[in-house]
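Kindly generate the complete structure, drawing on both the sequences and the hints.
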Amino acid sequence: MEGASTNRRNFLGLVGLGAASLASGGVLAGCSKDPSSKGSATNAQQAAGLVPQFKDSTLVQPDVKGIRPMADGYVKYPTSLVDAISEKVITSGKPVTATTPWWGPAPPAGNKLNEAVNADLGGAINFSIQDGNTYGDKLNTMLGARDVPDLTCIPGWEVAKLARFSEGVHALFEDLTPYLAGDKVNAYPLLAGLETAAWQDSVWGGKLMGVPFPTDAPYPSVLFVRKDVTQERGVADPTTLDELYEFGKKMTNADKGEWAFGDIWLEVQQICGAGGSENGWMKGADGKVVHRMELPQYKRAVEFMARLYAEKLVHPEIAASKGGDVTTLFKGGKLFMYGTGGGSWKETWRPAVQINPKFNMQAVKVFGADKGQAPVRWRTRPAILWTFVKKGLGQERTQELLRVLNYTAAPFGTKEWELQNYGVEGTHFKRDASGAPVTNDLWVKEFANQFIFLGGRPPVVVGGPDIPTYAADFVNWGNDASKYLETNPWDGIKVETPTQMAAIAQPTEDKITDILKGRTPVSDFDKVVSEWRAAGGDAGRDFYAKVLADNGR
Amino acid sequence: MSADTVVRPRRNTLRPVWEEQPSLLGQLGKGTILTLVVAVVVVPLWVVVVTSLSSEKTINSAGGYVFLPREFNPSAYVVIFSGGQITDAILVSTIVTLAGTALSLVVTVLAAYGLSRPGTLGHRPILFYFLLTFLIYPGMIPSYLVVTGLGLKDNLLSLILPTAISAFNLVVLRAFFMSIPGELYDSARMDGAGELRVLTRIVLPLSKAVTAVVGLFYAVGYWNAFFNAILYIDRNDLQPVQRVLQQFILAGQSPASSGAAVAIPGLGSTVPPSLAIKMAVVVVTIVPALIIYPFVQRHFTKGVIIGAVKG
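Those sequence lines, one after another, are chains A and B.
Position 526, counted from 1, in the first sequence is what full-length UniProt numbering calls 526; the numbers after and before it change by one each time, with no gaps.
Position 177, counted from 1, in the second sequence is what full-length UniProt numbering calls 177; the numbers after and before it change by one each time, with no gaps.
Keep in mind that a hint or two might mislead.
What the hints assert, rightly or not - With a Cα cut of at most 30 Å, we get these calculated DSS-like pairs of lysine-lysine: (1) A:Lys94 with A:Lys391; (2) A:Lys546 with A:Lys299; (3) A:Lys227 with B:Lys57; (4) A:Lys161 with B:Lys153; (5) A:Lys430 with A:Lys415; (6) A:Lys94 with A:Lys184; (7) A:Lys365 with A:Lys256; (8) B:Lys57 with A:Lys430; (9) A:Lys161 with A:Lys55; (10) A:Lys391 with A:Lys184; (11) B:Lys57 with A:Lys312; (12) A:Lys184 with A:Lys55; (13) A:Lys256 with A:Lys55; (14) A:Lys250 with B:Lys57; (15) A:Lys358 with B:Lys57; (16) B:Lys153 with A:Lys94; (17) B:Lys153 with A:Lys256; (18) A:Lys391 with A:Lys55; (19) B:Lys153 with A:Lys390; (20) B:Lys153 with A:Lys138; (21) A:Lys517 with A:Lys371; (22) A:Lys112 with B:Lys208; (23) A:Lys371 with A:Lys112; (24) A:Lys249 with A:Lys365; (25) A:Lys161 with A:Lys138; (26) A:Lys391 with B:Lys153; (27) B:Lys57 with A:Lys249; (28) A:Lys55 with A:Lys65.
Keep in mind that the hints were calculated from the coordinates and are not lab data.
The structure displayed is predicted, hence computed values, not measured ones.
And the structure:
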């Protein structure tokens with residue numbers, strides 16, 4: 001028993017080395033990943049027959065139609081809302097337990113938003129809202145101890161870190177195939193509105209295991225620019241790699257405390273045309289499996305990025321460590337361009353515009369390294385996270401839980417959607433002149449995306465009166481970028497990376513970072529790649545090639 | 001060169017160097033170095049406090065941390081204390097720290113005393129068992145199973161019991177107890193004292209410093225601990241302050257920045273707490289340690305030295 005002893009982590013904690021203890025916590029948690037995992041893959045054909053039949057659940061015609069998998073955009077908020085589910089979905093009276101992640105302060109226990117949704121559901125969902133940054137540790141322990149709630153929400157990137165998940169998923173969670181495959185999903189019409197690709201991504205070992213949360217934009221990163229500042233200074237958005245460099249030169253003025261760039265490494269790789277959406281893997285022109293690090297385009301990206309760092313065009317706080325808060329620097333006009341996930345667009349723009357009404361955050365139209373050369377856009381997985389139903393609860397309870405997930409999958413334009421996203425009118429939000437909800441401080445405290453993370457939802461891009469162009473900006477940018485979206489040859493196959501390969505990823509990335517930041521010379525690059533090949537890169541190539549061959553691709 | 005220049009001492013007196021009047025240069029040098037050392041400690045604290053009292057606008061225009069105070073804006077403190085979450089968390093941490101430290105001290109002192117007396121029944125194997133925990137880590141999942149099996153999930157005891165005894169502290173205390181001269185024990189026995197009386201009347205009064213240090217170790221450990229709370233505490237109103245601090249600090253930091261390179265759509269719908277709020281939480285969290293530390297510090301220095309030279 002741990003109580004009678006002291007483990008390494010506690011020991012450090014007890015002698016007051018809190019920080020060291022925190023760091024070793026991650027290491028210790030990492031040790032629990034089974035060292036012998038050889039990787040696994042689900043057959044794609046198998047997956048095709050298991051998924052629910054798609055039935056569009058869109059209620060409101062979008063203002064800007066997205067080219068799938070880009071979500072539709074809504075500039076105006078609908079004036080009348082549909083009551084999609086009129087009957088109560090929790091009929092047993094038994095409370096539902098659920099675990100979801102959240103990246104922020106957990107909402108208080110007495111929560112009016114939860115109460116309102118629970119009342120509409122006809123029963124209570126008792127949430128355990130976990131910190132997203134330590135969620136992996138928590139999940140590893142919970143799943144290892146077989147202690148899971150009725151509904152467990154697991155993000156895709158955590159799945160990769162969970163020990164032997166492809167086996168564990170069948171031991172812990174209910175097979176949903178008998179409930180949802182094909183037209184059986186008709187009992188849950190709102191779940192039928194989730195994208196087929198996302199459902200295909202929810203198949204483990206030939207069984208439909210989870211309800212997916214489809215992505216709203218298939219892009220892992222977007223290049224953002226302070227359009228208000230660049231317009232004022234008459235600096236155009238770059239359209240080639242050279243122009244990107246010129247942009248850096250024009251916008252950097254160290255004396256004034258201004259630098260052109262934050263971290264744009266992910267973007268530079270894509271601009272240069274280095275593909276590899278499947279953990280860096282792709283099929284080369286000759287049909288052979290290659291990793292993006294082996295491409296000349298990647299080397300070009302390394303050289304370019306190293307030049308930006310060497311010429312001090314990247315903000316020093318970003319260059320010095322990974323600690324600098326890029327959004328604060330961006331909002332404060334200390335840097336003008338950086339790449340990050342599209343999800344942070346609204347999150348950064350919205351509070352900034354309250355302080356500086358001129359603040360305009362825009363995505364740079366995607367461009368290739370040279371005139372006439374197409375860039376590559378990496379494609380994310382169609383599902384971001386999944387909700388799993390606890391195994392062995394019996395048919396009735398499983399159906400009840402699926403009804404809950406059906407409820408939480410309500411599309412934009414329904415009362416259910418508004419209630420889960422904005423809470424109660426008068427309590428959590430009021431409406432502006434156009435009828436769009438404007439949330440208050442209570443909402444900020446009580447909202448943790450808790451219901452939305454369960455059961456997915458057809459994704460939509462919705463702006464607000466404070467950022468009226470956002471929805472159109474995002475969808476139009478995404479539609480344009482979709483022309484360059486990479487086809488992932490492993491699409492629809494659930495690949496679990498062999499542990500050996502997963503283990504070399506981070507050290508290799510660190511070596512590349514050293515080159516980019518000038519801590520080791522660019523000439524070391526070839527050596528890094530050959531070391532990576534020997535340490536497991538080549539083994540990884542064989543593994544990924546075999547997965548393709550097994551699927552006849 | 002004449003003989004008397006050779007024999008003349010470098011200084012005019014024969015007093016040892018530390019009794020000399022320090023030279024101006026030496027004083028300036030010492031002053032500078034000490035100022036730098038103080039600055040290394042004080043400046044980060046200063047920046048944290050000033051930033052916590054700044055408005056969003058000031059923070060944005062400073063591009064992050066604020067060094068020069070431009071205003072007094074306590075709104076961040078109003079925000080964090082209005083929800084009740086921080087006040088709850090401080091209460092939880094205080095209870096855990098006080099109760100935990102008390103319990104840990106009692107059991108550690110008792111165990112250390114028992115193990116310090118030669119001839120205690122099973123003294124070697126028990127000591128070996130304690131020392132083994134330096135080497136063997138029980139593992140997260142077994143610990144979790146034990147704690148949940150005892151029904152301690154969502155119970156503050158789960159933050160105390162698993163870390164109630166630290167083998168390190170036990171060894172320190174035991175070594176100190178063993179260094180107390182045997183004659184004192186003998187004389188107490190001759191006066192008719194039993195083990196408990198020997199412990200409370202002879203050993204503990206002689207071990208005030210080291211006990212204070214071990215208590216401080218425990219207290220700091222309990223106050224700073226957060227990993228057990230991740231595992232065992234799901235209820236939001238039972239979270240210790242370090243967990244809440246961590247949530248505030250990392251809030252809005254999407255997994256994209258932790259290497260997963262995905263956009264979380266839900267994140268776009270909420271406003272992450274501003275830097276001012278994060279810093280206000282930091283201030284609130286470190287204040288208790290800042291208040292308590294000076295009082296225990298003299299024991300701390302003494303205790304550590306005792307352990308070092310006599311252990």
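Q) Taken at face value, is the distance from the CA of lysine 55 (chain A) to the CA of lysine 184 (chain A) at most 30 Å? A) Given pair lysine 184 (chain A), lysine 55 (chain A) holds - Cα atoms ~12 Å apart, limit 30 Å.
(Q) Holds or violated: lysine 365 (chain A) and lysine 256 (chain A), Cα atoms, limit 30 Å. (A) holds, 28 Å
Q: Could you grab the alpha-carbon distance between lysine 57 (chain B) and lysine 312 (chain A) and see if it respects the 30 Å cut-off?
A: holds, 27 Å
Q) Do the alpha carbons of lysine 227 (chain A) and lysine 57 (chain B) lie within 30 Å of each other, as the hint requires? A) holds, 19 Å
Q | Straight-line alpha-carbon gap lysine 250 (chain A) to lysine 57 (chain B), limit 30 Å | A | The hint holds at about 26 Å.
Q | Hint consistency between lysine 391 (chain A) and lysine 55 (chain A) [alpha-carbon to alpha-carbon, up to 30 Å] | A | holds, 27 Å
Q) CA of lysine 55 (chain A) to CA of lysine 65 (chain A), is that 30 Å or under? A) OK: lysine 55 (chain A) and lysine 65 (chain A) at ~17 Å, within 30 Å.
Q: Quickly compare the C-alpha distance for lysine 391 (chain A) and lysine 153 (chain B) to 30 Å and report which way the hint goes.
A: Cα-Cα ~21 Å, so holds.
Q | Hinted pair lysine 358 (chain A) and lysine 57 (chain B), Cα distance within 30 Å | A | Holds. Lysine 358 (chain A) to lysine 57 (chain B) sits at ~14 Å (cutoff 30 Å).
Q) Is lysine 153 (chain B) close enough to lysine 94 (chain A), meaning Cα to Cα at most 30 Å? A) At roughly 21 Å apart (the allowed maximum being 30 Å), lysine 94 (chain A) and lysine 153 (chain B) satisfy the hint.
Q. Is lysine 391 (chain A) close enough to lysine 184 (chain A), meaning Cα to Cα at most 30 Å?
A. Holds, at roughly 19 Å.
Q. Taken at face value, is the distance from the CA of lysine 55 (chain A) to the CA of lysine 256 (chain A) at most 30 Å?
A. violated, 56 Å
In summary, the structure is inconsistent with hints 9, 13, 17, 22 and 23 from the numbered list given earlier, while agreeing with the others.
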